[in-house]
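Generate coordinates for the entire structure from the input sequences, incorporating the hints supplied.
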Amino acid sequence: MLERWLEISVHSSDILESLSFYRALGFTELQSGDVWPHPYAVVSDGDLVIGLHEREFASPTLTFVQPELGRHARAMSDHGFEFSLMHLDADVFNELQFMDHDGHNIALLEARTFSQSEDSCKDSACGRFFELTLPTRDAVQAGRFWAPLAPHVERLREEPTTHMRFDAGGLPLGVSESIALDKPAICFKWSDPQTIADLVERFGFRWQKFPGFEGAFGVLVAPEGTRLYLFDEDFLGEPYLVSEEDAAP
Numbered sequence: 184m185l186e187r188w189l190e191i192s193v194h195s196s197d198i199l200e201s202l203s204f205y206r207a208l209g210f211t212e213l214q215s216g217d218v219w220p221h222p223y224a225v226v227s228d229g230d231l232v233i234g235l236h237e238r239e240f241a242s243p244t245l246t247f248v249q250p251e252l253g254r255h256a257r258a259m260s261d262h263g264f265e266f267s268l269m270h271l272d273a274d275v276f277n278e279l280q281f282m283d284h285d286g287h288n289i290a291l292l293e294a295r296t297f298s299q300s301e302d303s304c305k306d307s308a309c310g311r312f313f314e315l316t317l318p319t320r321d322a323v324q325a326g327r328f329w330a331p332l333a334p335h336v337e338r339l340r341e342e343p344t345t346h347m348r349f350d351a352g353g354l355p356l357g358v359s360e361s362i363a364l365d366k367p368a369i370c371f372k373w374s375d376p377q378t379i380a381d382l383v384e385r386f387g388f389r390w391q392k393f394p395g396f397e398g399a400f401g402v403l404v405a406p407e408g409t410r411l412y413l414f415d416e417d418f419l420g421e422p423y424l425v426s427e428e429d430a431a432p
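Note that the numbering used here has the sequence shown beginning at 184, numbered continuously upward.
For the record, the hints were derived by calculation from the structure and aren't laboratory data. Some hints here could point you the wrong way.
Claimed, not checked - The list that follows gives simulated cross-link-like pairs (lysine-lysine, BS3-like), each with its CA atoms no further than 30 Å apart:
| hint | residue 1 | residue 2 |
| --- | --- | --- |
| 1 | Lys305 | Lys366 |
| 2 | Lys366 | Lys392 |
| 3 | Lys372 | Lys305 |
Quick look at the structure:
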């Protein structure tokens with residue numbers, strides 16, 4: 184089981200350009216540590232955290248903090264997980280990497296790599312982050328992969344396309360069979376597209392209207408290629424909460 188989500192790690196060949204993009208949208212830059220030997224920066228809106236890495240790797244990577252990483256690695260190996268990267272020594276920063284059946288990369292780290300800030304606890308111009316969606320060829324197979332890592336399924340939809348949403352250590356993680364999605368999508372709920380239109384016009388951001396995925400009214404493409412999808416509402420609907428009075432016989 185995944186302990187705690189840390190960030191969505193992405194490769195950026197120009198961190199300053201990426202930082203400028205996210206700051207314009209209202210993201211806050213967080214204080215990063217000196218764990219990595221390469222240039223590294225972190226931005227957040229309080230819910231979503233994106234780590235910008237100036238190095239080559241399988242991007243994006245879903246990155247989690249996992250205490251006692253060596254013991255966890257042995258347990259995962261016993262359950263059939265195969266690692267593409269394994270750094271487990273006393274004199275190095277411990278890290279594991281592996282992929283799901285669709286080639287999406289996952290990393291487990293021994294500790295955090297940045298400090299959270301109260302200033303980041305606000306929505307950006309994109310609105311409220313509600314899901315990171317991974318495209319999959321087979322949602323059932325993807326669900327079987329993620330079940331031991333994120334056993335809590337928040338939502339399940341079977342029609343018109345199968346879509347599952349897991350709580351992956353605090354990350355709302357979706358897997359989707361939609362043919363309109365070929366890369367991971369960061370999804371936001373926002374009802375004021377004019378704000379985004381003004382920013383697109385002012386800064387010349389890459390923007391596509393009505394990209395075809397789940398009724399999104401647009402997608403912003405960051406300089407490093409990250410895709411931010413904007414929706415009028417959560418496409419899986421709002422959660423239905425049952426009160427104790429409703430549940431009582």
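Problem set entry | Given pair status - Lys392, Lys366, alpha carbons within 30 Å | holds (17 Å)
Problem set entry | Pairwise hint evaluation, Lys366 against Lys305, where the allowed Cα distance is 30 Å at most | holds (26 Å)
For this session: Could you grab the alpha-carbon distance between Lys372 and Lys305 and see if it respects the 30 Å cut-off?
Result: Distance ~14 Å between Lys372 and Lys305 Cα, so the pair holds.
Figure legend: structure checked against the earlier numbered hints; every hint is met.
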